[in-house]
Amino acid sequence: MTDKSSGAPLTAPIQSATFSNPVNAEIRRAAATGIYDIRGGGAKRKLPHFDDLLFLGASMSRYPLEGYREKCETSVSLGTRFAKNPIELDIPVTIAGMSFGALSGPAKEALGRGASLAGTSTTTGDGGMTNEERGHSNKLVYQYLPSRYGMNPDDLRRADAIEIVVGQGAKPGGGGMLLGQKISDRVAEMRNLPKGIDQRSACRHPDWTGPDDLEIKILELREITGWKVPIYIKVGGARPYFDTTLAVKAGADVVVLDGMQGGTAATQDVFIENVGQPILACIRESVRALQDLGMHREVQLIVSGGIRTGADVAKAMAMGADAVAIGTAALIALGDNDPKWEAEYNALGTTAGAYDDWHEGKDPAGITTQDPELMKRFDPIEGGRRLNNYLKVMTLEAQTIARACGKNHLHNLEPEDLCALTMEAAAMAKIPLAGTDWYPGKPGTSF
Amino acid sequence: MQTLDMADIELREMNETLHAQAENTNQTSWEIVNPKGAHAIACGLDAPIEVTVKGSTGYYCGGMNKQATINIEGSAGPGVAENMMSGTIVIDGDASQYAGATGHGGLLVIKGNASSRCGISMKGIDIVVHGNIGHMSAFMAQTGNLVVCGDAGDALGDSLYEARLFVRGSVKSLGADCIEKEMRPEHLAILADLLERAGADAKPEEFKRYGSARELYTFKIDNAY
Ligand SMILES: Cc1cc2nc3c(=O)[nH]c(=O)nc-3n(C[C@H](O)[C@H](O)[C@H](O)COP(=O)(O)O)c2cc1C
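Just so you know, the sequences run in chain order A and B.
Under our numbering, think of the first position of the first sequence as 14, with each following residue one higher.
Under our numbering, think of the first position of the second sequence as 189, with each following residue one higher.
Treat the hints with caution; some may be incorrect.
[Stated by the list, open to error] Taking beta-carbon pairs under 10 Å as the criterion, some of the chain B residues facing chain A (in silico):
id, residue
1, R200
2, A228
3, M252
4, N253
5, P266
6, K299
7, F327
8, M328
9, S347
10, E350
11, Y405
Calculated directly from the structure, the hints in this document are not laboratory data.
We put the beta carbon where it would ideally sit given N, CA and C, even for glycine.
Modelling step: build the complete structure from the supplied sequences, incorporating the hints.
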């Protein structure tokens, strides 16, 4: 130790990487309140992601397509295995299930409007189907969740597909929580619960356990809907190879695979940040399961969890996905976390881009709230227009990349079009490290 | 009486025939013979018809029923009457797990015993069990009435909301936040009506009422387990 009075240079104060300021702040918050942190959004830690992959593009041995002149198709059919009426979409970017309750009625309407303009589907969520949403969505997927809040056969029969939710990437193995602040009369009535109490959503389905039961549950759902509509199974990114295998065995038409970056309306922070695998590590394993069963492209794969751009869409599809789903990005397109509300975010103790207390119902942008005054700030028509614009841009971006790789359909993108920037990404995505023909774990190599 | 013989027709045709019955159908009386424990028998009905199943059924018989009356002259597999909206389902024998799960309305009568998780997440349905019920029954039950003329197993009414539970016999244990509550005249009236409609030979005064202590209704530290 230096004698401070000697005038000699002092050591600079060094913040601990382990006990960082955010970590210490959380310890103090926990010590003061005695309760764990609940928040919305997905994992905020840095994770291996699509950014760690690049496309190679065309070259001497690959022939590119001319932008704007040569076609690059984007359509996708979902549910071709058993359903009489598969879902036909113009673009492979769908809107993920987000609950009415977490989101306001007008926000759900805007998602329907934007998705319909762009030629894609939207999805209900925990809490049931609203008329706004059904009315404004050309293709609406009805979620069948453990809580069964708002679940009824009339809505089931007016859905274009059914999505059985087994898990979510943000919380594989976790249930849900809608805090009392957001339980308006309408939300309470749809869920058959008293107003103003905190509502827990179960983590397990009440009337089946395991894939053998699920197969029979799917039979029942198909009998009730006359085998017309596709049945999806949504799983969080836990054990993608086995989860996909069992979903196919249980009779799914479509598997929805949600990685740990995937958003949530309200979950414990410790769950969001520490349970589940990043989507990058899940896609190839899920595709491998489909291939081993001879079901790749027969049972479609939708992936989600941190999809933001057309490049992400193209990368997911090159790894074998048939389509993707977006949650957080759609909310941002609608206006969530917009810096124009910065003063109000500051008043809530946060800043635009970091606001994640969606469960508190105080969203300045009027999207994740049931407060009538805040809801008025959000215009569903304008929101729908913005979402449509954003979906169009993503599609154009994905097409640009596909053409550069010489592909006349997004589905023709393939792993061979990619290289990885890091060893981690190479290993997880089974894509060669840039500048090599190798990835860790490649069969026939020594490590 | 129309007869559907599952020795001759497939499940699909059987359900399709029943689904084709409109609100004002004049073929109101149906009989299903040779059910042989098939799953999803008479699920998703939505017409005021009466269906009698001559034998035992597999999973999800009468699932999501609306309006129809279904009589099962045998025992029922898991999830009988799951998510029922309205109508009546009567089981002569026993019911397996999750009977009446998430049901929103209507009346489910089980003349024998019901297994575990009877009335799980119930949302308005009335369930009357002449015999006993298994463990974890009425877990997270939201609204509606569960009447048990016999005994209840472990963890009755765990994490329940506003559903009313009436048990005549013993309760092995109560689940989290479930307590015995005072039986007031309005409860005796509800019970008398349900016992009568369910053809149960028991007196309302012989029952005890259980319900939510409402301690888990707000998310505070003591509830965070
Ligand atoms: C506000 C919000 C509410 C959500 N509600 C549900 C839900 O009710 N059911 C469900 O399966 N997933 C729900 N999710 C998860 C999404 O369906 C999806 O898996 C996730 O948002 C995808 O990741 P991304 O947000 O990175 O795009 C919700 C997500 C958000 C952001």
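Checked hints:
1. R200: Hint on R200 of chain B: holds, closest Cβ of chain A at ~7 Å, below 10 Å.
2. A228: holds, 4 Å
3. M252: Since the shortest Cβ distance to chain A is 4 Å, the answer is holds.
4. N253: holds, 8 Å
5. P266: holds, 7 Å
6. K299: Given a least distance of 21 Å, the restraint on K299 of chain B is violated.
7. F327: holds, 8 Å
8. M328: Holds: closest Cβ of chain A sits about 6 Å from M328 of chain B, inside 10 Å.
9. S347: Cβ of S347 of chain B sits 7 Å from chain A, so the hint holds.
10. E350: holds, 6 Å
11. Y405: holds, 4 Å
The structure fails hint 6 only (numbered hints given earlier).
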